[in-house]
Amino acid sequence: MLVGGALLLGIFVVGVYNGLVTLRNRFKNAFAQIDVQLKRRYDLIPNLVETCKGYMKHESGTLEAVIAARNSAVSAAGRAAANPADADSMRQLLQAEGQLTAGLSRLLAVAEAYPDLKANTNMIALQEELTSTENRIAFARQAFNDAATEYNIKREVFPSNLIANTFNFTAAELWKVENAAERQNVKVSF
Amino acid sequence: MDFFARQEAARRSTGRLLVLYGFAIAAIILAVHALFSLLTSGGAQWFTLSTFPVSCGITLLVVFAGVGVGKASLSAGGRAVAEMCGGRPVEPGSRDPAERRFLNVVEEMAIASGVPMPALFVLEDELGINAFAAGHNTGDFAVAVSRGCLDQLDRDELQGVVAHEFSHILNNDMRRNLNLTGWLYGIMGLALIGRILFEIAGRSGRSRSKDSGQITAALFLFGLGLLLIGWVGQFFARAIQAAISRQREHLADASAVQFTRNPEGIANALKKIAGYPTGSNIANPRASAMAHMFFASALNSLFATHPPLEERIKLLDPHFNPELAQLLADEPSRSRVPAAASGFTGGGPPPLPRAAKVTRQVGSLAPAQINHAAGLLAALPAPLVAATHEPLGASALVYGLLLDAEPAIRAAQFARLQQTGQPACLRELNRLGPKIAALPTGSRLPLASLATAALRRLSPAQYTQFRRDVDALIEADNSVDLFEFALQKNLRRHLDPQFLPAPARATQHYPAAALLQDGAVLLSCLAHLGAKDRTAQAAAFQAGAMQLGTAAAGLRLLPLSECNLAQVDAALDRLAAAAPRVKKVVIEACAHAVAHDGFIHDREAELLRAIGDSLDCPLPPLLQA
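Taken in sequence, the protein lines are chains A and B. Our numbering applies: residue 1 is where the first sequence begins, and numbers increase by one. Our numbering applies: residue 191 is where the second sequence begins, and numbers increase by one.
Calculated from the structure, these hints are not laboratory results. Quick caveat: nothing in here was measured; it's all calculated off a predicted structure. C-beta atoms are modelled at their ideal positions from N, C-alpha and C, and glycine is treated no differently. Among the hints, erroneous ones may be present.
What the hints assert, rightly or not - Pairs of lysine-lysine, DSSO-like flavour, derived with a Cα cap of 27 Å:
id, chain 1, residue 1, chain 2, residue 2
1, B, Lys261, A, Lys28
2, A, Lys118, B, Lys625
3, A, Lys39, A, Lys118
Stated by the list, open to error - Partial list, derived from the structure: chain A residues whose beta carbon lies under 8 Å from chain B:
id, residue
4, Leu7
5, Asn25
6, Asn29
7, Gln33
8, Val36
9, Ala138
10, Phe139
11, Gln142
12, Ala143
13, Ala147
Between the sequences and the hints, there should be enough to build the whole structure, so can you do that?
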């Protein structure tokens with residue numbers, strides 16, 4: 001009887017532990033989806049800045065700020081991709097991404113004042129690419145948050161929380177962005 | 191042996207195997223009971239009838255619990271198995287050159303064989319050259335390769351390895367593996383308990399009172415006995431597993447050559463393993479239970495699940511000299527013109543098949559089809575192919591394929607998407623829409639099938655939304671056309687198993703009469719699609735019905751109202767659970783009905799492929815006239 005009980009308990013603990021590991025791997029893997037798109041965005045930004053440089057002679061401060069924000073986001077993304085379960089590096093990436101997004105929107109707002117730049121085909125293509133990459137990031141972020149939430153719930157409910165605490169399964173950091181623009185309706189144009 | 195015969199053989203051998211295991215379990219029960227009797231009677235009696243039901247019950251309980259755990263861990267599907275072995279999913283949009291090449295090779299193979307794009311994984315920490323396939327059917331199938339495999343093999347060699355894994359899927363080796371591994375777990379459970387008892391007894395033996403001494407000793411002996419029985423059981427189980435597995439490997443090697451018509455590719459991959467210091471070793475501890483799934487032996491042990499490398503290479507390449515292997519491994523990999531880069535300038539698709547040939551093509555591949563697939567891929571607009579590589583683009587692409595040509599209906603469809611609040615998706619759809627509208631009919635389904643890889647990366651919540659949206663778009667015009675039917679069927683079959691787990695259905699043996707009626711529904715629908723006037727329809731129907739055997743003599747062409755797509759759907763659901771032999775006859779009959787007028791229309795081809803896909807008999811896209 002005793003042996004049977006111990007055996008059942010053992011099987012249960014192993015099952016819950018494996019379940020937690022699976023969910024953790026799943027949200028870590030879901031981060032790869034975001035990472036692919038983030039990298040694409042980081043690659044586009046130097047081109048964008050290079051294109052703008054020719055027109056915006058007096059805005060070197062804005063341009064440099066974007067490049068600086070991009071570089072710090074690149075290194076933060078590298079750290080977060082190495083271990084997406086690490087809440088600290090995730091928060092740093094979120095912060096760096098926030099700065100980069102702010103810098104980019106400043107740059108694009110300033111670019112509005114240069115009609116020649118706005119008409120540049122290279123600029124149009126880059127802006128289009130940038131927007132669609134941001135859409136993909138938003139979508140991938142949703143998938144990541146879903147997976148991370150599933151894991152967080154599992155590690156908080158009874159009885160799996162006992163095992164999560166014993167074996168040090170830390171909470172996953174969600175990627176929260178409050179962006180009004182994303183919620184807007186889209187006009188269909190074809 | 192064609193696809194159906196191989197599937198049938200796979201089922202039969204699984205049955206034989208279960209009988210064999212049955213004997214093994216009976217022997218184990220008797221052995222455990224003998225052990226128990228000896229210990230309780232102080233060595234006087236081998237068999238006590240009074241305690242037999244109890245000991246028998248407990249042993250069975252342990253074994254079946256083990257089988258349950260083993261099967262549950264594998265029946266979770268290809269993706270779960272790959273994750274369990276430490277696999278990292280390959281992003282369909284990855285820009286890493288080695289991963290890109292792997293993705294391209296698999297994409298070509300998937301289009302060519304009519305199997306949807308499997309989920310791909312890399313075993314990042316494994317430096318040996320190895321690979322495996324997992325999953326129950328073509329719907330939840332995953333291919334994993336080791337890092338060593340990506341880094342060390344050239345394109346032809348990788349193609350050989352991928353073809354080998356595809357053949358495991360097409361030969362239904364996965365079902366067999368599931369049973370083998372499940373039963374192995376059962377016997378391992380017994381040894382595990384023995385070991386636990388042994389250790390408990392050993393520990394309490396150190397700090398005991400006089401009284402408990404005897405119990406401890408008995409426990410110790412009992413544990414030791416169980417451990418031994420478990421070991422012996424495992425010994426035989428593994429031996430059986432290994433013997434069967436070796437046969438399957440030879441078959442998969444042969445099929446890989448048949449698929450690619452390039453014995454050099456797979457032979458060179460094997461030679462590289464032979465000459466490579468880490469060979470095909472896999473370090474992950476979970477690999478041992480899955481040894482038989484790998485491309486080459488994952489472990490160096492007495493119970494090799496794979497034939498010796500030298501033997502496999504010799505079968506592929508009779509001139510092989512093992513001493514050259516070392517030289518070959520040192521030589522930098524020769525650059526050959528990759529199959530895709532050589533282009534597809536040879537003109538149209540491969541020749542139109544005759545009806546009799548169709549069943550032979552099920553679950554099979556020829557180089558012409560791989561070339562055709564590479565050509566088809568190259569001809570697709572680049573932004574659309576890029577869209578199939580990430581989840582957002584893939585969803586938007588599927589929405590785009592379902593948009594109606596009628597502006598009013600299309601507006602309703604947009605309104606519906608607007609309502610569900612997927613702005614990112616709509617923006618993507620705006621971008622891709624015009625390109626999707628310009629697609630030729632023949633590349634629409636293959637494109638959707640490519641997108642399944644990225645759609646697997648949706649979260650469950652996103653998939654639920656996606657599935658609802660797809661249904662709503664299809665129903666917007668209050669009718670389901672053939673393309674919509676085929677697309678919906680395809681998506682559900684290949685994505686539902688991952689997101690909405692349902693137990694695998696067992697083979698059903700419906701009375702032949704019920705299935706005949708289902709056959710008549712399929713044939714009537716095909717006849718209505720392919721021929722305009724009534725006599726031609728009846729003739730096409732009869733041509734098909736003849737194949738169903740003498741019992742089908744009474745079947746008549748059904749009016750259009752009795753063979754609409756809803757009825758076809760229901761008929762396919764019943765036929766999907768039929769035995770391979772029945773499926774073969776049905777597909778043969780359908781092929782005859784379609785080819786009766788000597789001409790295969792796009793629409794007929796589309797339905798024929800949807801039928802094949804629903805019955806788990808992937809048809810290569812040979813039929814585009």
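Hints versus structure:
no. : hint                   : in the structure
1   : B:Lys261 with A:Lys28  : holds (26 Å)
2   : A:Lys118 with B:Lys625 : holds (25 Å)
3   : A:Lys39 with A:Lys118  : holds (25 Å)
4   : Leu7                   : holds (7 Å)
5   : Asn25                  : holds (6 Å)
6   : Asn29                  : holds (5 Å)
7   : Gln33                  : holds (6 Å)
8   : Val36                  : holds (5 Å)
9   : Ala138                 : holds (5 Å)
10  : Phe139                 : holds (4 Å)
11  : Gln142                 : holds (6 Å)
12  : Ala143                 : holds (4 Å)
13  : Ala147                 : holds (6 Å)
Hint compliance for this structure: no hint is broken.
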